[in-house]
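Novice: So the chains spell out like this:
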Amino acid sequence: MYSTKNPSLRINEADLKCKNGCGYYGNAEWGGYCSQCHHEHLQRERLKKTGSLRGFHHGERGQIGDKRTKSPVGFSKFEEKKRQQAEKKTKQLLKLSVFRKSSSLKDSNRAEQWQELYNATPELEKLKQDYQDLFSSLSQPVCHDVRKFIYSFNANVLKYADLSPVEELSEIVQNFYQVFAKRMEANSIYIDLNQEKKEMLLDYVEKYVMTCLYGILFCPPSTTDEEKDLSIQNRIRQLNWVNSQHLDCRINETKSEVCDLVYTAITDILGMDSAKAPQDKLNCVVRCCRNIFLLLQQSVGGPASADEFLPALIFIVLKANPPRLKSNINYITRFCNASRLMSGEGGYYFTNLCCAVSFIENLTAESLNMSADEFEQYMSGEMVPPSTWESALMMCEGMHLMYEQLAMLEDLHNRYTCFGEGASALKEEMQKFKNDITQEVSAVLARTPLTIQPRKTPTDIDSENPTCEALPPPIVPQIVAPQLGLDLDSVKKTDLAEDMQLDITTASVPRDGLSLSPSFGFSRSLDELMTPDDMFATQESLSFVQGLTSVSYDIDLSDLSADNSYVEDVPAADGCKSSVVFPLEAKEDLTPSLLDTTESPTGDQLPSPIKPVCTGEYQGFAAQGWQIPSIPCETGDTQSLNCDTCGKTDSAPSQVSVERTVDSAASVDRSASQKQETLAKVLSGLMTTFDSLF
Amino acid sequence: MRTIEGKIVVLGAQGVGKTSMVLRYIGKMFSHHISPTIGASFFTCKLTVQDTRVKLQVWDTAGQERFRSMAPMYYRNANAALIVFDITQYDTFQAMKDWVKELQRNVLESMVLSVVGNKTDLESQRKVTREEAMQYADSIGGSYFESSALHDEGIEDVFLSTAIGLIRLSQDSLCSSLRIYDSSDPSSPVSNAGVGQLCDGDTSREGQTQYSLQTSSLAHGEVERSPVCC
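Going down the list, the sequences are from chains A and B.
Read in order, the letters of the first sequence correspond to residues 1 to 694 in the working numbering.
Read in order, the letters of the second sequence correspond to residues 1 to 230 in the working numbering.
Pulled out of the complex, with its shape left as it was, chain A reads as follows (with noise of 0.2 Å):
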C-alpha cells in the first residue's frame, strides 16, 4: 500500500521514501510524499487554485470536471453528481471570493444548512430517545451546556465544511472532543456526574454531530474515497473465486450453523453502510467480528486466534463486498473519537478491517500460495475454482435442503412406525375379535344348533277337492301297525310335511300373487306338474293331506298361515328354492284375513270340518276302544276332536280310559297291563277269600 505500482508483499525501501528525496518515508495517501512535503505540496496546489480561480473563474475544477470524464462508463454517474456538486462549490466560492457578497450569502447559505441539519432526521429523534434517560437524570445548566456545545460544534464545522479539505474538519471534529471532554472536567457544572456518565454525554455529543454532520462528512465531494470505493468493489468483485481454502481459514461452510453465522456477519458488515454515527459503524464492525469469532470456535473447536481470524475476516469481507467501504473506513478514521478507536475491542477489530481491505487490495497470486498464471486466469475468468463460496453456498443449500427432507422422511417414518404399530394393534385386535366373535358363534351354534325348518306348505285343501274324490277314503293310515308309535308317526310326518314342500316350491314359481286364490293356483300348478314322481309325490301328499284334513281342520289353518307367509317371500326370490321358511314372519295379521279368503270361494264346495264322515270314523275308533294310538294326535288338536267325539258318543269307562290314554302309547300300555294286574289281583283275592270260605 506504500507503493502504487506494485503491489507486492516485500516493498523496496526506495519505493517508500518521499517523492521530494527529503528522506523520510512516503505514502501513497500522500500521493508518494512524506506527511510534511504533502502538506507543503497541498497548500502549494491551493493557492495555485484560488489564484487560477481568480484568473479563470473556472479554472482547475473544469479541467479536472474534464479529466474525469474519462473515466469509465459506469462511473459516470457518480462522477456527474461529483462534478455537479464541485460547480456549486465553484460558484460559491465565486461569490464569495470574487464578488465580496461574502456575508450576507454566507448566512443565507448557512441558515439553509442548518435547515437541512437540524430538519434532517428521524435518527436525531432517535438519537434522543435514546439518550432521554441521561438527560433526565441531568441537571438543567448541563443540557444546556451540552446543547449550546453541540450547536457551536456544528455551526464550526459548517463553518469550514467548504472550504478545508477533510483532513481539517476531521481535526476539528477530534479536537471538539478533546475540548468536550476537558470542558466536563473543567466546568464547575459538570462536577458531580460520575465517570461513566460523563462518558455516555461525550457519547451522545459524538454521534448527535456526527448524524447531523452526516452527509457533509461523510464521503466528500473534496476527496477520492468514492473512486476508492468503487475500486475496492471491483477488486472485490474480481476476487469472488477466492474461497476459504485459498485464505486458508478454516470455516467449515457445509456446516450450517456456520453458515448462518457467516450470513450474520456478512449482514452486520453491510450494516455499516446504513448507520450514521462512526459509533455506529464502528460497533457494526465489532459485531462481524464477534460473529466471526463465534463461527471459527465452531469450526475450529476452541478459542480462535488472530491466525484465524484474519483470514475469515477478509473472506467475510470478500463475500460480502460492503457499499462504500473505503468511504466508511475513512469516515470513521476521521471522525471517531479517537481516544475511542484505537483502544479496546472496537479499535482491535477496525485495524483488523483495514487489514483485511489492505490485503484485499494488494492481494497477488504469492499471498494465495497459487502460480501467477493460474491467478491471472482466475482473475480475468477464463478459469473458475472448483469449490467457490457459490458452490458451496449451492452445496450448503442442498445440503439445507437434504437435511430438511432427511428430518422429514425421519418425522414419516416415525409415524410411519406408529402407524404400523396401530395398524398391526388394529389387526390383532380384530383378529382377537373375529376369534371371540367366532367363538362366541360357535358357541351358541353348538348351544342352539341350527335347525333348518321345514318349510310348512300350504295345504290347501280347498283345492284338493276334485282329487279327493279320487282318493282312497283318508283312513288308510289304519293299516300301520299301532306298534310302531308316536315316533314313527312324527318322522313319517316330517317326510310328508319335506314332500308338500318340495311340491309346493316347484310348483309356487308360476303362481303370481296374493290376489290369486291359493286354491287355484295350486291346482294349476298340479296340472302343470305332470311328471310321474311328481304326480305320485303329489298324490302320495295329497292323500296325506287328504287323511290329514279329514282328521282334523285345524292343520288347515297353521298350514295355511305357512303358505302365506310363503307366498309373501316369493316376488322377492323369484323361482326360489330355498327350503328354509321362518314359520314366525308376519304370521298372525295375516292368518285370519286369509283364511277367509280361501274358505270365502271354495268354502261351499268344502265339507263342513264336523263332517259326519270323520267323527263316523272316529267313533269307529272309539268303538275299537283304546287300541287305535296311530291317530296322530301330535299336529291336531285331538284334545278337542276327542271333546267332540265324547260330546257324540256315549261315555263308557273304555272311553275315559283313551281319554286318559291319548297323550302317550307307552302311558296306554303301562295302564293296561296295571288293569290286568290288577285285575288278576283282584280275582286271585277273590279266589283266595273263596278259597278261605272254603
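Everything labelled a hint here was simulated from the structure, so no lab data went into it.
You may find that some hints are simply not true.
[Unchecked claim] If you want a taste of the chain A side facing chain B, the calculated C-beta under 7 Å gives, among others: (1) F309; (2) M342; (3) A365; (4) S367; (5) C396.
Bear in mind that the values here come from a model prediction, so they are computed numbers and not experimental data.
Note that CB positions come from ideal geometry on N, CA and C, so glycine has one too.
Fit chain B to the given chain A structure using the hints.
Specialist: Same frame as chain A, now just chain B:
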C-alpha cells in the same frame, strides 16, 4: 494510585506459540481480571504492580507470512511488543529479527520490547541458545524471557515485566500514546499525555491523519509534537 493503560502487541512467525501463550495467560487470568472477550486475539487484563494499576490491552497478530505487510497497522500506537520465537527453529529467530527491524522502523515512540523464546519444553531440540537470544535482546534494548506455553512456565513473568516496563515508561512520560490516569480522576489524562494520546489516535491507518495532525498543530497551535514522518 495511578492507572496506566497500554497496548501490547504480540508478534512472531506462525507456529511459534503466540496464541498458546496468550491463551495460557488468559486461562490463568480468566477468573478475575479479564474482560469478557471471545477468541484469544484481543483481550484486556489488569495488573497491579506496587501502587500502580496497569491495564494491558493485548493484541494478538496473524503470524502468516502473507499478512506480514499488515503488521504495522497492528503495532501502531503499541506501547509494548512481545516478540515470540521458537527456540527449536532457528528460522523463527531470524524472522523475529526482521520483525524487530520493521517495528523499530515504524514505531517512533519508545516501547517496551520483550523477546520471548517459547517451547522450552523441547529443550532437547533447542537450536537457539540462550546466550545468543539474550545478546540479541540486549542489542535491541529489550529483555529476554524463555517460556513454555505447554508447561505454563515463565509466561506470567513476561507480562509482569512488561507491565513494569510500562510503568517505567510512563514515568519518563516520553511515551505519549500511553494513557495515564490519576486514580482520583481516572478519566483525565495526566499532563500532555492526553493530548499526545489524542494525536496518536490520529496517526491513523493509511497514515493520512498524520497529515491532519500537522495541519491541526499549525491551525490551532495547541499540539506540540516533533514533526516526524512514518
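Novice: Taking the numbered hints from earlier one at a time, note which ones the structure violates and give those numbers from smallest to largest.
Specialist: Result: hints 3 and 5 break, sorted rising.
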